[in-house]
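Asks: With the hints as a guide, bring the two chains together.
Listed here are the chains, written in short residue letters.
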Amino acid sequence: MDHKRRDVLKYSVIFGLMASAGLITTAQAQEWNKAAFEGKSLDDVFKVLGAGKPETSSAITMIAPDIAENGAVVPIGMNTTLKAQQIAILVDKNPSALAAQFFIPAGSEPFVTTRIKMGQTSNVYALVKADNKWNVAVKEVKVTLGGCGG
Amino acid sequence: MADPMRVRATENGGVVDVKILMKHDMETGQRKDASGKAIPAWFINTVTAKANGKDVFKGELGPAVSKDPFLNFKYKGAKGDKISITWTDNKGEKRTDEANAT
Numbered sequence: 688m689d690h691k692r693r694d695v696l697k698y699s700v701i702f703g704l705m706a707s708a709g710l711i712t713t714a715q716a717q718e719w720n721k722a723a724f725e726g727k728s729l730d731d732v733f734k735v736l737g738a739g740k741p742e743t744s745s746a747i748t749m750i751a752p753d754i755a756e757n758g759a760v761v762p763i764g765m766n767t768t769l770k771a772q773q774i775a776i777l778v779d780k781n782p783s784a785l786a787a788q789f790f791i792p793a794g795s796e797p798f799v800t801t802r803i804k805m806g807q808t809s810n811v812y813a814l815v816k817a818d819n820k821w822n823v824a825v826k827e828v829k830v831t832l833g834g835c836g837g
Numbered sequence: 011m012a013d014p015m016r017v018r019a020t021e022n023g024g025v026v027d028v029k030i031l032m033k034h035d036m037e038t039g040q041r042k043d044a045s046g047k048a049i050p051a052w053f054i055n056t057v058t059a060k061a062n063g064k065d066v067f068k069g070e071l072g073p074a075v076s077k078d079p080f081l082n083f084k085y086k087g088a089k090g091d092k093i094s095i096t097w098t099d100n101k102g103e104k105r106t107d108e109a110n111a112t
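From first to last, the protein sequence lines stand for chains A and B. Each position in the first sequence, counted from 1, maps to that position plus 687 in my numbering. Each position in the second sequence, counted from 1, maps to that position plus 10 in my numbering.
Bound-form chain B, shown alone (with noise of 0.2 Å):
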């Protein structure tokens, strides 16, 4: 299983603004091992993000996102909302994690 993100929101007027931390290597498949092999790529390639069971907000990544990817996005919410994100890279490999908006 992969390590956990990390997911913070905050509102302020109205607006919830979600900061989020994934984890992942982001292998590109351009890098090459120390005996000259081909890194194969291996990067998160969709992330969603849902407040409350409604979608907010929807990623679609490439693996030139950097290493340990960082998102920040905002909707239109309250403080309290369930706000839940779940990421899926290219080899299928899944994780959701939850955080409540303050």
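Excised from the complex, chain A in its bound form (with noise of 0.2 Å):
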């Protein structure tokens, strides 16, 4: 009897650890770059996109905002001459630089916009794959009000 009990004990202290440590988790996501999106810093996320180090595109046009009075809401958009394959959003003084990733198949515009979350002034990137190679465009955006928090 007591034995039992020690077993049982011993298997949920386990699992309690396993899902600490977050080997299990609810309702994952199955085609979702976690580790991107986990990514702290830029060279993080490039490395996970097997960015490298991207060239400076004067061919990407990025839509967005001097001055965000918002930083809950800032419209972030991008447009390219270059044949796009993907094309990822970074921000980066964010608590985790990738906001958004887009997947562009062939007869699709290489075009996108959306909103994001700033919590203070920050470089915005926009990345850009196209002929398997990377190339970026920057833009600092102003944020006079954070988005995170609050």
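Each computed BS3-like pair below joins lysine-lysine, with the alpha-carbon atoms no more than 30 Å apart: (1) Lys721(A) to Lys84(B); (2) Lys29(B) to Lys89(B); (3) Lys740(A) to Lys84(B); (4) Lys77(B) to Lys29(B); (5) Lys829(A) to Lys740(A); (6) Lys92(B) to Lys77(B); (7) Lys33(B) to Lys780(A); (8) Lys740(A) to Lys68(B); (9) Lys89(B) to Lys770(A); (10) Lys826(A) to Lys84(B); (11) Lys29(B) to Lys721(A); (12) Lys84(B) to Lys770(A); (13) Lys86(B) to Lys826(A); (14) Lys826(A) to Lys33(B); (15) Lys770(A) to Lys68(B); (16) Lys104(B) to Lys42(B); (17) Lys770(A) to Lys64(B); (18) Lys86(B) to Lys820(A); (19) Lys780(A) to Lys29(B); (20) Lys68(B) to Lys780(A).
What the hints contain is simulated information worked out from the structure, not anything from laboratory work.
Replies: Quick look at the structure:
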């Protein structure tokens, strides 16, 4: 009897540890690049995406405000003349750099806009993969009211 | 079931412009409630768009995307295309909505 109790205790401890270590997660999405979204800095994300050191390209046009009054809703978009297959939007000073990434199949335009949160004034990067080469464009967006916490 | 999203698709010169507004809190996991406990992250993480059954756009979102996410993309298509948008969040909830290109 006592022996069984110990077993139960042991297993619950093990499962507890696994859950806290993130080995068991509920409803894990299949196609979501977890590692990329957990990257804290730009370099972390570049590494996970395999972008290395992307080249600055003038062929990418960023659509972003100079000053965002509300950091909780910052409209960010990009357009490019490159044949983009993949587009990622990164914010340097957010807790996790990667905000979103998009996949553009052939037949779709290399264009996207969305709205993101920014904790503070930061450089925003549009990373574009075209012909298996990574290009990047940068724009600084000033935030007068942060979008994280509060 | 999650709230419906708004999908608008307009065709102009052979290019269909699709605007999507999803209804979701997009909780970052960074915020704390009144008692100081962290509110767990809860956000849409994948969005896929199909036109007449063919993939035309795929997005992976992080918690840094604003509450009630907005997306705008374009693909080469025609009036009357049947567009179907599906999102999934990190708790496994799903929602699909459809619209026709005009």
